[in-house]
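*Asks:* Here is what each chain is made of, one letter per residue.
4 protein chains.
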Amino acid sequence: MTTGSTPEHGYVHNKHKDDVLKRLRRIEGQVRGLQRMVEEETYCIDVLTQISAATKALQAVALGLLDDHMAHCVADAIKGGGTDAEAKIKEASDAVARLVKS
Amino acid sequence: MTTGSTPEHGYVHNKHKDDVLKRLRRIEGQVRGLQRMVEEETYCIDVLTQISAATKALQAVALGLLDDHMAHCVADAIKGGGTDAEAKIKEASDAVARLVKS
Amino acid sequence: MTTGSTPEHGYVHNKHKDDVLKRLRRIEGQVRGLQRMVEEETYCIDVLTQISAATKALQAVALGLLDDHMAHCVADAIKGGGTDAEAKIKEASDAVARLVKS
Amino acid sequence: MTTGSTPEHGYVHNKHKDDVLKRLRRIEGQVRGLQRMVEEETYCIDVLTQISAATKALQAVALGLLDDHMAHCVADAIKGGGTDAEAKIKEASDAVARLVKS
Numbered sequence: 021m022t023t024g025s026t027p028e029h030g031y032v033h034n035k036h037k038d039d040v041l042k043r044l045r046r047i048e049g050q051v052r053g054l055q056r057m058v059e060e061e062t063y064c065i066d067v068l069t070q071i072s073a074a075t076k077a078l079q080a081v082a083l084g085l086l087d088d089h090m091a092h093c094v095a096d097a098i099k100g101g102g103t104d105a106e107a108k109i110k111e112a113s114d115a116v117a118r119l120v121k122s
Numbered sequence: 021m022t023t024g025s026t027p028e029h030g031y032v033h034n035k036h037k038d039d040v041l042k043r044l045r046r047i048e049g050q051v052r053g054l055q056r057m058v059e060e061e062t063y064c065i066d067v068l069t070q071i072s073a074a075t076k077a078l079q080a081v082a083l084g085l086l087d088d089h090m091a092h093c094v095a096d097a098i099k100g101g102g103t104d105a106e107a108k109i110k111e112a113s114d115a116v117a118r119l120v121k122s
Numbered sequence: 021m022t023t024g025s026t027p028e029h030g031y032v033h034n035k036h037k038d039d040v041l042k043r044l045r046r047i048e049g050q051v052r053g054l055q056r057m058v059e060e061e062t063y064c065i066d067v068l069t070q071i072s073a074a075t076k077a078l079q080a081v082a083l084g085l086l087d088d089h090m091a092h093c094v095a096d097a098i099k100g101g102g103t104d105a106e107a108k109i110k111e112a113s114d115a116v117a118r119l120v121k122s
Numbered sequence: 021m022t023t024g025s026t027p028e029h030g031y032v033h034n035k036h037k038d039d040v041l042k043r044l045r046r047i048e049g050q051v052r053g054l055q056r057m058v059e060e061e062t063y064c065i066d067v068l069t070q071i072s073a074a075t076k077a078l079q080a081v082a083l084g085l086l087d088d089h090m091a092h093c094v095a096d097a098i099k100g101g102g103t104d105a106e107a108k109i110k111e112a113s114d115a116v117a118r119l120v121k122s
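Going down the list, the protein sequences come from chains A, B, C and D.
Remember, my numbering sits 20 above the position in the first sequence when you count from 1.
Remember, my numbering sits 20 above the position in the second sequence when you count from 1.
Remember, my numbering sits 20 above the position in the third sequence when you count from 1.
Remember, my numbering sits 20 above the position in the fourth sequence when you count from 1.
Bear in mind the hints are in silico, worked out from the structure with no lab data behind them.
Note that the structure is predicted; figures quoted are calculated from it, not measured.
A portion of the hints provided could be inaccurate.
It does not matter which identical chain is meant; a pair holds if it fits inside one copy or across any two.
Said to hold, decoys possible - Derived DSS-like pairs (lysine-lysine); straight-line CA-CA distance at most 25 Å:
1) K42 x K110
2) K35 x K110
3) K99 x K42
4) K76 x K35
5) K121 x K110
6) K76 x K37
7) K99 x K121
Generate coordinates for the entire structure from the input sequences, incorporating the hints supplied.
*Replies:* Right, dumping it as structure tokens:
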């Protein structure tokens, strides 16, 4: 982690942060597009296709954040050693389990 | 299907349409909330939890639309008989496959 | 449905039944392979890759059965009309929801 | 990691190994049960319910292995430092991505 402004949370390298925000804004646009489709009574199947696309885009953001989290927060905690490392690993595993089930 | 305004697409009973739109607006709010969390450098794991919630909410909308689609469009096509029925069933199956994989 | 031996359950056309059984036997082999991998202390990541493959294979069987179920049982119930059709559609939707969540 | 016989692969603590094998044998039994259900032309929806159960059981094994992998292999690599740590984190992230998509 190189940016002084983000001492704790590894995912917020300025460059990565911008990328995540850009993706989330695109997803927001997809969800607004879904509302329009429903308003205009677009054929269900086309709405479902678009929902699958938005879901995949959300999962891609999650996987990106998780990567960064493991490479920074979890790695730093492990280097620091002690019970904090175990807690961070447990927490990351639980997040993975929620993603797999969602 | 009872509403005269939506002859083709079963999911758009006026009551159901409002419900779907309400859910999609809530999801849009969740995605905007995610942007705020990233802007404010919220802890990754909390962002991931929120992404899982938004993903589940999108899937719930998809399952609701699919139910309605099967109960109306697909059922009507089957009652009508012929190749259209087969095409509708194939199309619904493909949509299910995309949901399961997304 | 053309085979006299399977009056109720559409997925068991003799040809399709053989295909499903062949896939399930292959999955059984994959699960036994996983046991061997664990016995022999294969590298975790390789075990995980194999688990993902078995999971996908199970989902593919499920999607195939669901297709057939919709094309036969559900379609027949809809042609028959009445509350049975609604019950079948509800049941299929619930099965889809379980698949999407599993 | 305390067992001398498994210097590399964290998941194979003897106790944990037995537990994983027991779960995999149970899943093998579920898959054989599925074959019997198809042989006996059990109602599709019941077969689908059982497939969802087997899929969930496989995912639970995967999540358990991943936990252990992160707590041992990945943590050891991070303590060791260098490019190996990065490679291990990347590899674990890729495995998570495959699980989420499967």
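*Asks:* Run every hint past the structure and note whether it holds.
*Replies:* Hint-by-hint comparison with the structure:
no., hint, result
1, K42 x K110, "between (30 Å within a copy, 23 Å between copies)"
2, K35 x K110, "between (28 Å within a copy, 19 Å between copies)"
3, K99 x K42, "neither (32 Å within a copy, 34 Å between copies)"
4, K76 x K35, "within (22 Å within a copy, 28 Å between copies)"
5, K121 x K110, "both (17 Å within a copy, 21 Å between copies)"
6, K76 x K37, "both (19 Å within a copy, 24 Å between copies)"
7, K99 x K121, "neither (30 Å within a copy, 30 Å between copies)"
Figure legend: structure checked against the earlier numbered hints; hints not met, in rising order: 3 and 7.
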